[in-house]
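In order, the protein sequences belong to chains A and B. Just so it is clear: in the first sequence, position 148 is 178 by this note's numbering, and no numbers are missing. Just so it is clear: in the second sequence, position 73 is 103 by this note's numbering, and no numbers are missing.
Mixed in with the good hints, there may be bad ones.
Said to hold, decoys possible - Here are the simulated lysine-lysine pairs, DSS-like style, with alpha carbons at most 25 angstroms apart:
hint : chain 1 : residue 1 : chain 2 : residue 2
1    : B       : Lys86     : B       : Lys49
2    : B       : Lys49     : A       : Lys49
3    : A       : Lys86     : B       : Lys67
4    : A       : Lys68     : B       : Lys166
5    : A       : Lys49     : B       : Lys68
6    : B       : Lys170    : A       : Lys86
7    : B       : Lys211    : B       : Lys166
8    : B       : Lys86     : B       : Lys69
9    : A       : Lys67     : B       : Lys91
10   : A       : Lys86     : B       : Lys49
11   : B       : Lys91     : A       : Lys49
12   : A       : Lys86     : A       : Lys69
13   : A       : Lys68     : A       : Lys170
14   : A       : Lys49     : A       : Lys68
15   : A       : Lys86     : B       : Lys91
16   : B       : Lys166    : A       : Lys69
17   : A       : Lys49     : A       : Lys69
Simulated from the structure, these hints should not be mistaken for laboratory data. Since the structure is predicted, the reported quantities are computational estimates derived from the model, not experimental observations.
2 protein chains.
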Amino acid sequence: MARHVAGPEIEALIRFLAKLPGLGPRSARRVALHLIKKKEQLLVPLANAINQAVEKVQVCKTCGNIDSASPCTICTDPRRDPSLLVVVEDVSDLWALERASVVNAAYHVLGGTLSPLDGVGPDDLNIAGLLARTAKGEVKEIILAVNATVEGQTTAHYIMDQLQEQAKDLSRSNPVFEAIKISQLAHGVPIGGELDYLDEGTLQQAIASRTRVE
Amino acid sequence: MARHVAGPEIEALIRFLAKLPGLGPRSARRVALHLIKKKEQLLVPLANAINQAVEKVQVCKTCGNIDSASPCTICTDPRRDPSLLVVVEDVSDLWALERASVVNAAYHVLGGTLSPLDGVGPDDLNIAGLLARTAKGEVKEIILAVNATVEGQTTAHYIMDQLQEQAKDLSRSNPVFEAIKISQLAHGVPIGGELDYLDEGTLQQAIASRTRVE
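Chain A on its own, in the form it takes in the complex (with noise of 0.2 angstroms):
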């Protein structure tokens, strides 16, 4: 075992760091060294955003987004077409989305995907909270932005069931009631994929969706 050379200060800083996703032991004694060089530039900044965040930081009572209030800032955006909900798994599918600026809608963070081998069932993910938002009546479109893995399909299965059971409660109750239009994302090859790398399940998706250009 090596001898202790740092102080416990030191120690306890590579311990932590060396959990993130990413660093390993080698790498968080870098860190370390690093921020510790750059006292005054780097580590009083980190530990003034990381108080903050600790402090401030939140999960959206409404939509599952991480933000320092709640409803987050985009449930309470009125700029944002509150009939369109899109489905996410987690708030990083929703960072990336918000981030290609791609939607004007409000968004439902599940939180993860059904994965019975894991333990992961559909009372864990906030699907109750995303059919008490349809219940409402506001939302009229709903796009599954799930990702395209095997979890990530299932779960999207089992929420389309989810909400085609709901439909036919509430039409019952009330017959003006109208049914959600219910979407997914498109598959085919991604912008700048070369088809040689892609996988058989992406191309033959390619060609099945394949459209007319003339």
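Given the structure of chain A, go ahead and fit chain B onto it with the hints provided.
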């Protein structure tokens, strides 16, 4: 430009995380999300560790090591041989040698290497501090454990010249002064290294410094 979806606290956290070595904007977002999701297990302890580091960590005035005390734990360790001084470029090199537990000596951290192109001269390194320590007469041997790079070797040569200069001065005023032994790390094939992957310089050194086994 992407819209700001996360609160200003999260944006600030991502911005500072992206400045850490080895992290870019994408991995900084991933780390920030991970931290926020594991608020109690990770974000809060990391905040405490960083706050402690901000408060306690300092540079040892004797050797240039980073620790929560000055003089540092190594400089004040009575079990270490104060007559043997290992000169390293950086604190990370000191940590590497200590992890390997190969030498029970005092250290001296230069804080870099001579690099005229980058404007790093002798006055920018902790060479004056080294000469002040050797002038006291306690140090009997110095290991110049600098990197095997051009800059490292240049720095080693400069320090050797300075030490010989100092030895001349000291022996003039003090006839019983004993010159300090100076050594460098051995060059050769690293343990586990394959000859096929080594550069010519290393192989040349390994042949020139070959050791008899029988």
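These are the hints, each one checked on the structure:
At most 25 angstroms may separate the alpha-carbon atoms for a hinted pair to count; Lys86 (chain B) and Lys49 (chain B) meet this at roughly 22 angstroms. Taking the CA atoms of Lys49 (chain B) and Lys49 (chain A), the gap is about 18 angstroms. The hint holds against a cut of 25 angstroms. For a cut-off of 25 angstroms, the pair hint linking Lys86 (chain A) to Lys67 (chain B) stands: about 13 angstroms separates their Cα positions. In summary, the hint linking Lys68 (chain A) to Lys166 (chain B) is not supported, as the alpha carbons are separated by about 32 angstroms, beyond the 25 angstroms threshold.
Restraint check for Lys49 (chain A) and Lys68 (chain B): satisfied, since their Cα atoms lie roughly 11 angstroms apart, inside the 25 angstroms limit. Taken as a hint, the Lys170 (chain B) and Lys86 (chain A) pair is broken in the structure, with Cα atoms around 57 angstroms apart against an allowance of 25 angstroms. A hinted pair counts as satisfied when its Cα atoms are at most 25 angstroms apart, and Lys211 (chain B) with Lys166 (chain B) qualifies at roughly 15 angstroms. A distance of roughly 24 angstroms separates the Cα atoms of Lys86 (chain B) and Lys69 (chain B); the hinted pair therefore holds under the 25 angstroms criterion.
Of the pairs offered as hints, the one joining Lys67 (chain A) and Lys91 (chain B) holds, with about 15 angstroms between alpha carbons and a cut-off of 25 angstroms not exceeded. Between Lys86 (chain A) and Lys49 (chain B) the CA atoms are separated by roughly 22 angstroms; this keeps the pair inside 25 angstroms, and the hint holds. A distance of roughly 32 angstroms separates the Cα atoms of Lys91 (chain B) and Lys49 (chain A); the hinted pair therefore is violated under the 25 angstroms criterion. Taken as a hint, the Lys86 (chain A) and Lys69 (chain A) pair is honoured in the structure, with Cα atoms around 24 angstroms apart against an allowance of 25 angstroms.
For the suggested pair Lys68 (chain A) and Lys170 (chain A), the alpha carbons sit about 52 angstroms apart, so the restraint of at most 25 angstroms is broken. Between Lys49 (chain A) and Lys68 (chain A) the alpha-carbon distance is near 21 angstroms, which keeps this suggested pair within the 25 angstroms criterion. Taking the CA atoms of Lys86 (chain A) and Lys91 (chain B), the gap is near 39 angstroms; set against the 25 angstroms cutoff, the hint is violated. Between the alpha carbons of Lys166 (chain B) and Lys69 (chain A) the distance comes to roughly 32 angstroms, so the proposed pair goes past 25 angstroms and is violated.
Distance check on the hinted pair: Lys49 (chain A) and Lys69 (chain A) sit about 21 angstroms apart at the alpha-carbon level, within 25 angstroms; holds.
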